[in-house]
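*Asks:* Here's the letter readout for the chains.
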Amino acid sequence: NAGVTQTPKFRVLKTGQSMTLLCAQDMNHEYMYWYRQDPGMGLRLIHYSVGEGTTAKGEVPDGYNVSRLKKQNFLLGLESAAPSQTSVYFCASRDRGNQPQHFGDGTRLSIL
Amino acid sequence: AQTVTQSQPEMSVQEAETVTLSCTYDTSENNYYLFWYKQPPSRQMILVIRQEAYKQQNATENRFSVNFQKAAKSFSLKISDSQLGDTAMYFCAFMYTGNQFYFGTGTSLTVIP
Chain A
4 NAGVTQTPKF RVLKTGQSMT LLCAQDMNHE YMYWYRQDPG MGLRLIHYSV GEGTTAKGEV
64 PDGYNVSRLK KQNFLLGLES AAPSQTSVYF CASRDRGNQP QHFGDGTRLS IL
Chain B
4 AQTVTQSQPE MSVQEAETVT LSCTYDTSEN NYYLFWYKQP PSRQMILVIR QEAYKQQNAT
64 ENRFSVNFQK AAKSFSLKIS DSQLGDTAMY FCAFMYTGNQ FYFGTGTSLT VIP
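Protein chains in written order, with the working numbering: chain A, 4 to 115; chain B, 4 to 116.
Honestly, the hints are just simulated from the structure, not real lab data. Since the model is a prediction, treat every value here as computed from it, not as a measurement. Errors might be hidden in some of the hints.
Simulated crosslink set (DSSO-like; lysine-lysine; CA at most 30 Å straight-line) [what the hints assert, rightly or not]: (1) A:Lys-73 with A:Lys-12; (2) B:Lys-58 with B:Lys-76; (3) B:Lys-73 with A:Lys-60; (4) B:Lys-76 with A:Lys-60; (5) A:Lys-60 with A:Lys-12; (6) A:Lys-60 with A:Lys-17.
Bound conformation, chain A alone (with noise of 0.2 Å):
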């Protein structure tokens, strides 16, 4: 049972590179969901999507871009990487209702 896979697990990046980071899920999701969690202030809301090719910015999205052109994938974008993005990411994903979310291990990203 796979459930959310994100991909990388760790990378380092130099500042102003461009990455992408990939978040699947097998369960047949409507929801998915891009965090970045940061020391002191818990998990923090980048975008979500609710449905395939639909996407919308949570608390966070400033310097990320999403897409999620197929219902399994939601992938987070950074254009132009900055030290202010070094964080742990984490994908989720959850089904229709009052369901719980379920969540990635996590990507560990160093911008120097």
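Using the hints, position chain B against chain A.
*Replies:* Same frame as chain A, now just chain B:
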């Protein structure tokens, strides 16, 4: 706007004892859902327990139970018979029909042998 507050950054408890983690939230919504997640050092986010706001009965899951006080907007987590494996960061989360989740800043719990 919805906010979730966890006022205890760190807590510790002796093995086999009971500990309560506090969580308060602020919302004008009437229908919503509350969750406690556990994040051990492995970094995984694991659902511990959930509560529907329309239910008056407090949720329980084995050694984990909640004290849900809707009027006070309080949602505390009680861990009974604490075990070493309970050592983790615990996050309280709030969701309403807007589909967004709001997380508290977390409480780091250490179980002492």
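*Asks:* Does each hint hold? Answer for all of them.
*Replies:* Here is how each hint holds up against the structure:
1. A:Lys-73 with A:Lys-12: 21 Å, holds
2. B:Lys-58 with B:Lys-76: 14 Å, holds
3. B:Lys-73 with A:Lys-60: 29 Å, holds
4. B:Lys-76 with A:Lys-60: 27 Å, holds
5. A:Lys-60 with A:Lys-12: Status holds; Cα separation ~24 Å.
6. A:Lys-60 with A:Lys-17: Satisfied, since the Cα-Cα distance of roughly 25 Å is no more than 30 Å.
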